[in-house]
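Student: Spelled out, the chains give:
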Amino acid sequence: MEDYREQVKDIMEKIISDNPQLNKVTDKVEARLEQCGWSDEIRMECNRLIRQRGIENISDTTELVRDLTPFARSKVPTELKKELVAMLKDALQKELEGTKLNPK
Amino acid sequence: MNRDRHDRDRHSDREHRSERHRDRDRHINNEHRSPQRTVVHDREHRERERERERDRDRHHNNIINNNNNIRAGATTSSAILKSAIHEMTTLLIEEEAFFIGKETGRLMRWGELEGLGVLEDVQLEHQVVDAPGVDIFGEPLAKKFNFECECPRCRRTLAAQRFAPHLEKCMGMGRNSSRIASRRLAQGSSSQNSQNGNGSTGSGSQGHEKASSHQGNSAAGSAVSSQSHQNGDVASEEEHFEEDEDDEDWTMERKRKHTKKGTEKISPKRKGPLQRIKNSEGSRGRRGASPSVTDSPLSINESSLHDDDDFAALSLG
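Chains as they are written, first to last, in the numbering used here: chain A, 1 to 104; chain B, 1 to 317.
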């Protein structure tokens, strides 16, 4: 499953870099996340994690990000998720016709 | 040929159908038949029915399988799309969280989190407030007017709009303050000169004394201030600071701007140092004092010609 995920990631990154329309979609996604207050919530959670652990104990920010990611995923509102899905569906449908993806 | 075949087939079908009808009728009308014959017919009938059912089932299964095959093809592509969309959304969200985490980590390394009040070491009252509808000090975002400020030097309460100009003068900084200071210096120096003049020439004329005394009185208020200024004691000068004086000086430019073209400029109420000296010396001249340095030789002659005797002397040659 992880291999498949990696495969999808690589393809997605390639698609995003090549396709300017998808870049616009990613920009829109960022703007919407900022607008609905998700970014502020994540920042506050980040600050709370730092306070909890202490600055001296945090050697690398990747640890912080690793703990932050599940919280970030859970905090996205469902309406925004639907919006994202709708935005991405149109953009990805055409792109995926030429790619080889086998969900196993 | 074909037609014959077709006809033959049709005929055979008709015969088959008629046999079936006969069987049906016989089955229905079993009473007049013999028992052995009915049993045989029943068995055959049942077998035929079973075969028909099997055929029907096979046909039905074929249809279902075909449909399933079509659906299976569709689900693979939609599954791919779904999984791709899911991965994409998680990717985007994780990226955003990653950037925010990195930014916060950078602030932490640079020590800015303490200033932001994120850590508990900072006192609660000094911590930055991060809430909607409120600024970083915790004050509501609605605009406030009519602020009053207290000057830290003279402890006066002032309106916010007047605070900056007042502070400019109170602290002795800015253009106007330097003008005021130079004026006071000039007043002080002129009073000193007048005092020195009295000492060197002796008693002098009354007008001169009066003028000097007048000057001295006028400069009395500022003499102390000028001396203190010369001594370098700015605080005492500021104790005698009067706002009205400096407001006039400051607003003089506005008055000049408002004058109409072609008309004479309004003479300022405050006179500069040279003007005062001239006026004082002019007043001395009217009282029959000795001619001043500023008076030109022509003017002296003109004044002397006002006497009739002299004029007559000149005209006679």
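Wrong hints could be hidden among the right ones.
To be verified - Cβ-Cβ distance ranges computed for the label pairs, FRET-style:
{"#": "1", "chain 1": "A", "residue 1": "Ala31", "chain 2": "B", "residue 2": "Ser83", "range": "22 to 30 Å"}
{"#": "2", "chain 1": "A", "residue 1": "Phe71", "chain 2": "B", "residue 2": "Glu148", "range": "40 to 48 Å"}
{"#": "3", "chain 1": "A", "residue 1": "Thr62", "chain 2": "B", "residue 2": "Arg162", "range": "23 to 31 Å"}
{"#": "4", "chain 1": "A", "residue 1": "Cys36", "chain 2": "B", "residue 2": "Ser83", "range": "20 to 28 Å"}
{"#": "5", "chain 1": "B", "residue 1": "Phe99", "chain 2": "A", "residue 2": "Arg48", "range": "13 to 21 Å"}
{"#": "6", "chain 1": "B", "residue 1": "Arg50", "chain 2": "A", "residue 2": "Glu79", "range": "52 to 60 Å"}
{"#": "7", "chain 1": "A", "residue 1": "Lys24", "chain 2": "B", "residue 2": "Arg106", "range": "51 to 59 Å"}
{"#": "8", "chain 1": "A", "residue 1": "Ala31", "chain 2": "B", "residue 2": "Gln161", "range": "34 to 42 Å"}
{"#": "9", "chain 1": "A", "residue 1": "Ala31", "chain 2": "B", "residue 2": "Arg153", "range": "45 to 53 Å"}
{"#": "10", "chain 1": "A", "residue 1": "Ala31", "chain 2": "B", "residue 2": "Gly111", "range": "26 to 34 Å"}
{"#": "11", "chain 1": "A", "residue 1": "Thr62", "chain 2": "B", "residue 2": "Lys82", "range": "48 to 56 Å"}
{"#": "12", "chain 1": "B", "residue 1": "Arg56", "chain 2": "A", "residue 2": "Ser17", "range": "51 to 59 Å"}
{"#": "13", "chain 1": "B", "residue 1": "Gln161", "chain 2": "A", "residue 2": "Met44", "range": "51 to 59 Å"}
{"#": "14", "chain 1": "A", "residue 1": "Cys36", "chain 2": "B", "residue 2": "Ala164", "range": "37 to 45 Å"}
Everything labelled a hint here was simulated from the structure, so no lab data went into it. None of the values given here were measured: they were computed from a predicted structure. Ideal Cβ placement from N, Cα and C applies to all residues, glycine included.
Student: Each of the hints needs a verdict: does it hold here or not?
Tutor: Structure-based check of each hint:
no.	hint	result
1	Ala31(A) to Ser83(B): 22 to 30 Å	holds, 26 Å
2	Phe71(A) to Glu148(B): 40 to 48 Å	holds, 47 Å
3	Thr62(A) to Arg162(B): 23 to 31 Å	violated, 56 Å
4	Cys36(A) to Ser83(B): 20 to 28 Å	holds, 25 Å
5	Phe99(B) to Arg48(A): 13 to 21 Å	holds, 18 Å
6	Arg50(B) to Glu79(A): 52 to 60 Å	holds, 59 Å
7	Lys24(A) to Arg106(B): 51 to 59 Å	violated, 27 Å
8	Ala31(A) to Gln161(B): 34 to 42 Å	holds, 40 Å
9	Ala31(A) to Arg153(B): 45 to 53 Å	holds, 50 Å
10	Ala31(A) to Gly111(B): 26 to 34 Å	holds, 31 Å
11	Thr62(A) to Lys82(B): 48 to 56 Å	violated, 30 Å
12	Arg56(B) to Ser17(A): 51 to 59 Å	holds, 58 Å
13	Gln161(B) to Met44(A): 51 to 59 Å	violated, 39 Å
14	Cys36(A) to Ala164(B): 37 to 45 Å	holds, 42 Å
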